[in-house]
Amino acid sequence: MDYKKKFRKRIYLMAAYVVIGVLIVLSGFMNICRSDVFITIGFALAFSGAFNMIRLLKIYKDEEKLKALGIKETDERNIMIAEKSRSWALATYIVMCSVAMYFMYATGRDDVGYILAMNVCGLLVIYLICYFIVKRKY
Amino acid sequence: MKNRIRQFRKMKGIKQEELAEAVGVTRQTIISLENGRYNASLNLAFRLSEYFDTTIEELFIFEEE
Numbered sequence: 000m001d002y003k004k005k006f007r008k009r010i011y012l013m014a015a016y017v018v019i020g021v022l023i024v025l026s027g028f029m030n031i032c033r034s035d036v037f038i039t040i041g042f043a044l045a046f047s048g049a050f051n052m053i054r055l056l057k058i059y060k061d062e063e064k065l066k067a068l069g070i071k072e073t074d075e076r077n078i079m080i081a082e083k084s085r086s087w088a089l090a091t092y093i094v095m096c097s098v099a100m101y102f103m104y105a106t107g108r109d110d111v112g113y114i115l116a117m118n119v120c121g122l123l124v125i126y127l128i129c130y131f132i133v134k135r136k137y
Numbered sequence: 000m001k002n003r004i005r006q007f008r009k010m011k012g013i014k015q016e017e018l019a020e021a022v023g024v025t026r027q028t029i030i031s032l033e034n035g036r037y038n039a040s041l042n043l044a045f046r047l048s049e050y051f052d053t054t055i056e057e058l059f060i061f062e063e064e
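So the protein sequences, as listed, match chains A and B.
For what it's worth, numbering that gives the first Met the number 0 labels the leading residue of the first sequence as 0, then goes sequentially.
For what it's worth, numbering that gives the first Met the number 0 labels the leading residue of the second sequence as 0, then goes sequentially.
If you are wondering where the hints come from, they were derived from the structure by calculation, not from laboratory data.
Relax, there's no trap hidden among the hints.
List time: in silico SDA-like cross-link candidates among lysine to any residue, alpha-carbon distance up to 25 Å:
{"id": "1", "chain 1": "A", "residue 1": "Lys83", "chain 2": "B", "residue 2": "Asn34"}
{"id": "2", "chain 1": "A", "residue 1": "Lys83", "chain 2": "B", "residue 2": "Gly23"}
{"id": "3", "chain 1": "A", "residue 1": "Lys3", "chain 2": "B", "residue 2": "Arg26"}
{"id": "4", "chain 1": "B", "residue 1": "Lys14", "chain 2": "A", "residue 2": "Asn77"}
{"id": "5", "chain 1": "A", "residue 1": "Lys64", "chain 2": "B", "residue 2": "Ala21"}
{"id": "6", "chain 1": "A", "residue 1": "Lys64", "chain 2": "B", "residue 2": "Ile30"}
{"id": "7", "chain 1": "A", "residue 1": "Lys83", "chain 2": "B", "residue 2": "Ser31"}
{"id": "8", "chain 1": "A", "residue 1": "Lys136", "chain 2": "B", "residue 2": "Leu43"}
{"id": "9", "chain 1": "A", "residue 1": "Lys66", "chain 2": "B", "residue 2": "Gln27"}
{"id": "10", "chain 1": "A", "residue 1": "Lys71", "chain 2": "B", "residue 2": "Ser48"}
{"id": "11", "chain 1": "A", "residue 1": "Lys71", "chain 2": "B", "residue 2": "Phe45"}
{"id": "12", "chain 1": "B", "residue 1": "Lys14", "chain 2": "A", "residue 2": "Ala67"}
{"id": "13", "chain 1": "A", "residue 1": "Lys3", "chain 2": "A", "residue 2": "Leu55"}
{"id": "14", "chain 1": "A", "residue 1": "Lys71", "chain 2": "A", "residue 2": "Ser84"}
{"id": "15", "chain 1": "A", "residue 1": "Lys136", "chain 2": "B", "residue 2": "Asn42"}
{"id": "16", "chain 1": "A", "residue 1": "Lys4", "chain 2": "B", "residue 2": "Asn42"}
{"id": "17", "chain 1": "A", "residue 1": "Lys71", "chain 2": "B", "residue 2": "Arg26"}
{"id": "18", "chain 1": "B", "residue 1": "Lys1", "chain 2": "A", "residue 2": "Glu75"}
{"id": "19", "chain 1": "A", "residue 1": "Lys136", "chain 2": "B", "residue 2": "Leu41"}
{"id": "20", "chain 1": "A", "residue 1": "Lys8", "chain 2": "A", "residue 2": "Leu56"}
{"id": "21", "chain 1": "A", "residue 1": "Lys83", "chain 2": "A", "residue 2": "Val94"}
{"id": "22", "chain 1": "B", "residue 1": "Lys11", "chain 2": "A", "residue 2": "Ala67"}
{"id": "23", "chain 1": "A", "residue 1": "Lys71", "chain 2": "A", "residue 2": "Trp87"}
{"id": "24", "chain 1": "A", "residue 1": "Lys83", "chain 2": "B", "residue 2": "Val22"}
{"id": "25", "chain 1": "A", "residue 1": "Lys71", "chain 2": "B", "residue 2": "Ile30"}
{"id": "26", "chain 1": "A", "residue 1": "Lys66", "chain 2": "B", "residue 2": "Gly23"}
{"id": "27", "chain 1": "B", "residue 1": "Lys1", "chain 2": "B", "residue 2": "Arg46"}
{"id": "28", "chain 1": "A", "residue 1": "Lys57", "chain 2": "A", "residue 2": "Ala14"}
{"id": "29", "chain 1": "A", "residue 1": "Lys71", "chain 2": "B", "residue 2": "Ser40"}
{"id": "30", "chain 1": "A", "residue 1": "Lys71", "chain 2": "B", "residue 2": "Gly23"}
{"id": "31", "chain 1": "A", "residue 1": "Lys64", "chain 2": "A", "residue 2": "Ala14"}
{"id": "32", "chain 1": "A", "residue 1": "Lys64", "chain 2": "A", "residue 2": "Met52"}
{"id": "33", "chain 1": "A", "residue 1": "Lys134", "chain 2": "A", "residue 2": "Val119"}
{"id": "34", "chain 1": "B", "residue 1": "Lys9", "chain 2": "B", "residue 2": "Arg26"}
{"id": "35", "chain 1": "B", "residue 1": "Lys14", "chain 2": "A", "residue 2": "Leu65"}
The shape of chain A in the complex, shown without the other chains (with noise of 0.2 Å):
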């Protein structure tokens, strides 16, 4: 896909979330839904939409800019690094849930500890589940 057209596609993205978080914010203050929580949520997707959306309409309108960034997310080396670290940042919080959930077990903190084991089950559920849908893609 053309880049121009995927980032005009966030900027997009970015103009949702703020129509989304300004009918939050309504929806809280007109009382069909009232929750400070709800409201604070809708304030700051509100707000992180428009912030975001300002800065990639700047970035849309520099050529040069658009370019370099264009390069930069798209570098194969770039990705890469993306992906490595996506999958040392999984292997990583699994080793970690492991041992504290062993802990807690020793501790007899029995409920701390089948929640971490259900995570660690989840997960590893979850990827191999993406396992078997990559494999039939490739």
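Given chain A, work out where chain B should sit, using these hints.
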């Protein structure tokens, strides 16, 4: 996998940044390739060999690991 990217680049008298821009990667990728820390994909290998007007075999030296 070894390569002769630095040699070819110097023969052509261009900077790493210019080569990076010509083949659509970052300068860091060219640095990593020249230092042998990173192996180019088949796609990038073709683009590089096309840019230097040579063959992939001339540019990259295959070594059994």
